[in-house]
Amino acid sequence: MPIIEVKNLYKSYSRRAVLRDLNLSVEEGDHLYIVGENGTGKSTLIKLLLGLIEPDSGEIVFSKNRKTKIGYLPQQTEIQTDFPASVREVVLSGTLGGKRLPLYTARDKKLARDMMEKLNVSDIERRSFRELSGGQQQRVLLARALCATGGILLLDEPITGLDPVATAEFYRLTEQLHSEGVTIITVSHDVSCAVHYGNKILHLGHGEYFFGSSHEYAHSALGKAMLAGGHCHD
Amino acid sequence: MINELLGLFSYPFALRALLVGLLISVCAALLGTSLVLKRFSGLGDGLSHVGFGASALGLAFGVAPLYIAIPAVLLAAFGLLQLNKSGKVKGDAAIAAVSGSALAVGVTAAKLSSGMNVDINNFMFGSIYTLSGRDVLVTAVLCAVVLLLFVVFYNKLFAVTFDESFSSATGIRVSRYNALLSCLTAVTVVIGMRMLGALLISSLLVFPSLTAGRVCRSYRGVILCSLLVSVSAFLIGLIASFAFSTPPGASVVLANLVFFCVFFAVSVVMGRLKTKR
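Going down the list, the sequences are from chains A and B.
The first sequence runs contiguously to residue 234 in the numbering used here.
The second sequence runs contiguously to residue 277 in the numbering used here.
Since the hints were derived computationally from the structure, they do not count as laboratory data.
Misleading hints may appear alongside valid ones.
Simulated pairs of lysine-lysine, DSSO-like, Cα-Cα distance not exceeding 30 Å [to be verified]: (1) A:K224 / A:K7; (2) A:K47 / B:K85; (3) A:K69 / B:K85; (4) A:K47 / B:K90; (5) B:K85 / A:K11; (6) A:K47 / B:K38; (7) A:K99 / B:K85.
Next comes chain A alone, as it looks inside the complex (with noise of 0.2 Å):
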């Protein structure tokens, strides 16, 4: 059984349809990748999966209950990157989601000690989050997602200007994560590493969509004409 299930969402703003008809499944431990141009309803299909907003009609059915524990990576745009916060403070605020006492307990605690282990960052826990390079503030942030979450992670943009180490680093920290069990589902502009890395692909066009596996992404018209000349950075 699906952990998501998406079926015929339809969702438009001022009379212009955004989202048609739109049917998807994700599966526990994909890797699902949603490309596309600008404008073509990614960002509303994100607020759609968080439940910030709420479809015209369709539905999006979650699996037990998941629907308040996706770890959602922000777009670095919408976060504030000169903000003194230290490393600690952000990834415990990954733990504070749907809670009555916003207080934090000993096992709150732990789960962000064990994250900011995973992802590498304990050792800078007390630094200032602004003070940090932007490969260190993804890993920052992807320790406060992992705190949020059952299982699953909402990655927005996440390479958006990152230098090429840090986004080598990043694809290999999502690839380990995505080989531990935790399904992903990552918005992006790279459609080569969507193939490369993702095992489903959504490619959402103006009026039409593409939903399938990565390998018949690959070799479908749309696909061929988006991969043309493109390679994955390895």
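Position chain B relative to chain A; hints supplied.
Chain B in isolation, oriented as in the chain A frame:
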């Protein structure tokens, strides 16, 4: 000198000023941190002008200014928040429009009723030495409420201030906490107006956290440091106003300015040392 100062605080009016000032300094420092970090510093300024307008109206109609100012400012805070959220009018433009209108209403009301008298002057620049025992009580209660709510929701306020989209994705009701923040700010602005006046209160919100942000690296550090800065600047300003007969509100703001300059210089020096290492 010290004996003189201690002697001064044996006068009830000076003691009341000290108490109210300290309480307001604490609240302003706490809330200001979120406002500054959310780039919403203009809110305090806009709300203080609404507070002035409402107080002047209250005076004209013979209602106690505080009782009309608190609901009016709360309403304005919610209105500005909604406007900002709907995206129809940009935040800074909305605040400018609202604060100008409120000021105009207040000045007109004052002129038509009693003229620009002492009360109006006090609304603008504060009247920290004319506080009654009742004022102290009201301030203490309101400050206690602000403090309690801030402490209870500290972690969530941090999360919401740092990253709204992540917070709402994890199920935190972001708009609820933004509303809470606006509410607490509104209350602090109104009671702070008694001390610093409508024209100066917003600087008490902004300065301490701006100063602390120069050197502190964690959110908790900024909060604690801005508390310290706020309280020290108030004490220094108050004492200076006694010693040199300067206006108390302005003296407190100037003390804040000095703190900011010192911290700024320290941050520049620290930055230089770091790059040399």
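Here is what the structure says about each hint:
Between A:K224 and A:K7 the alpha-carbon distance is near 27 Å, which keeps this suggested pair within the 30 Å criterion. Taken as a hint, the A:K47 and B:K85 pair is honoured in the structure, with Cα atoms around 16 Å apart against an allowance of 30 Å. The straight-line distance between the Cα atoms of A:K69 and B:K85 is roughly 26 Å, inside the 30 Å bound, and the hint therefore holds. Restraint check: the Cα-Cα separation between A:K47 and B:K90 comes to about 23 Å, which is no more than 30 Å; the hinted pair holds.
For the given pair, B:K85 sits about 21 Å from A:K11 by alpha-carbon distance, which is consistent with the 30 Å threshold. Note on A:K47 and B:K38: the hinted pairing holds, with a Cα-Cα distance of about 22 Å set against a maximum of 30 Å. As the CA atoms of A:K99 and B:K85 are separated by approximately 25 Å, the hinted pair is consistent with the 30 Å bound.
Violated hints for the displayed structure: none, as all numbered hints are satisfied.
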